[in-house]
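*Asks:* Read off the chains here:
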Amino acid sequence: MTSLTQMPDLAISLRGIVKHYGTIVAVDGLDLDVPSGTCVGLLGPNGAGKSTTMKMLTAQVIANEGEIEVLGFTLPAQSKVARAEMGVVPQLDNLDTTLTVEQNLRVFAHLYRIGRDDRHAAVERALEIAHLTDRRTAKVDELSGGMRRRLLIARALVHRPRLLLLDEPTVGLDPQIRQELWALIDALRTEGTSILMSTHYIEEAQRLADTVTIMSNGKAVASGKPSELVLKHAGTEVLEVYGPPARLAEVEADAVAAGIRKRRTGTSIALMGIEGRNGDLPEGVRRPSNLEDVFVMLTGEEIG
Amino acid sequence: MSRVTSTAGSSLRGPEGETPRPELARTEGRNPSSGARIGRLEGSAIRGVLVREFTNFTSYWRSTTFSSTIDPTIYLLAFGFGFGTLVSQVNGLDYVDFVGTGVVATAVLFSSVFPSMFGTFVKYSFQHTYDAILAAPVDTEELVTAEALWMALRAGTYGCVPLLVAMVFGLQPSLGMLLVPPIAFISGFGWSCFGIMIAGLLKSIDNFNYVTSTVITPTFLVAGTFFPLSGLPEWAQIAGNFNPLHHTVELVRHAAFGWDVGADLLHLGALVLFAIVMWRLAIRAMERKLIT
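One line per chain: the protein sequences are A and B, in this order.
If you use numbering that gives the first Met the number 0, the first sequence corresponds to residues 0 to 303, in order.
If you use numbering that gives the first Met the number 0, the second sequence corresponds to residues 0 to 291, in order.
It is worth saying that the hints were derived from the structure and are not from the lab.
Since we're looking at a predicted model, the values are computed, not measured.
Cβ coordinates follow ideal geometry from the N, Cα and C atoms, glycine included.
Hints may contain errors.
[To be verified] Covered by chain B, per the in silico footprint, the following chain A stretches (three or more residues, Cβ under 8 Å):
id: 1; segment: 101–107
id: 2; segment: 142–150
id: 3; segment: 216–226
[To be verified] Some chain B residues flagged as far from chain A (calculated, every beta-carbon gap over 12 Å):
id: 4; residue: Asp138
id: 5; residue: Ile204
id: 6; residue: His253
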């Protein structure tokens, strides 16, 4: 076992991870680091291998090749000790729906081995995190979608984990509830909890993540701070050109000829890194480059 | 191990910026190797799963207890008084006593194999409960063991109901009957593991019908519950020795009406063997299903 009198510098370290199911390769040589105390966003389109990667960190998926360390423990052999120190918020709500809010938290206080003397305080604390103290006796069935998601996050925090895994934490939620959850996750990050968050919402990654790893077809295709990734791949300015399909095809061909990076959106073509260029550009709307430009360019996926 | 520190003094504030918020997570370093050990079948993991089951049980115990009481009563009334008018004695026992003790095994089977088959599949496939449990410091081996223990406890309890009902109809209480709960527990553990194994092996809940028709129904009917196996053709009597429910029936009857030590040790051995083999097979099937 690794000597761990101090926290390891990396909360999570994946090296050369390969996972295949028969002939389907889900993860294909992935390297990924989560430095302690930071929030890393795992960004990728559906089917990129994000969920498979998340499940490897709790040893519910076993990699065919590569090395995984979580909180200094080698997986899968030492997975159970690592799991005692981490919290997991799953993509699919798996609360016990016939139990009350408080009962759900109490059960997980037992599963996470919180001692008898500390259990009550841990449950109270989790209720406060979820802002559900006054709904403690409500059955989960009676809660709104946002309340259920808050409870799901609080359940993962009941034992004060050093590492939190969030698998698509705000998928399918209203915008105002998403922002409320972002505030909660941001508070955790500020406190120094290490977080790995998979998402396919660009805005979520841009707001919460210190660094982002973009996955495509089971590989990490880019890694870094969101602002640096944007600068590197899409410059500072983008020109959005609208027009009929024939016109867009023309603009696209000109861009290729001029060596300008571009990406298609549904209704326009975006020319990237156009800062400093003037005369040779078509008519269009200038805007700052963003992470979505990078994401679409690197994964070849269009977002509606 | 203590994981909770005081929330006082936290500078974090809620979204409204007024009320102090609890500190969300522990961030100080600590030596993980001192607090947790890597072991198999840890008591705290099994206890955690049992607490979850027990807590859930508090929300549905009424319906379960109702059906566990009514079902054997109906069997006793139907067979005891229906057949009882045709058959007054079997193997030297009043037919009501014969059926009253035999139905214990039926109650054990039904209160273990169906909840384990359907419950395991629902928890795995529809509720994703096992995803949440396996993300906590609980391994599949501990999860399966705890689930089987829980259902065995229920089977050990509900298995006694037919005896109580039969007493209302004239069964004489005896000291040996105190051993019926542990017999029901061992048998219930085996059948729960059998159910978990089936849930782990089959891909669709619809396929459970095949198992019910080919395994459970014959098991339940040809166990010596309603008629003695001695009246059957020889091949069926031999097959009966491979039916764990038959061993359950024999042990319960002997507990109530007098031991046959040599035979009963064999019955007990067969039951324990069944429970252990099914336990390991259930763990293997669920590991294949849950860990990919």
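*Asks:* It remains to establish, for every hint, whether it holds in the given structure.
*Replies:* Hint check results:
no.	hint	in the structure
1	101–107	holds (count 4)
2	142–150	violated (count 0)
3	216–226	violated (count 0)
4	Asp138	violated, 6 Å
5	Ile204	holds, 18 Å
6	His253	holds, 39 Å
When held up to the earlier numbered hints, the structure conflicts with 2, 3, 4 and fits the remainder.
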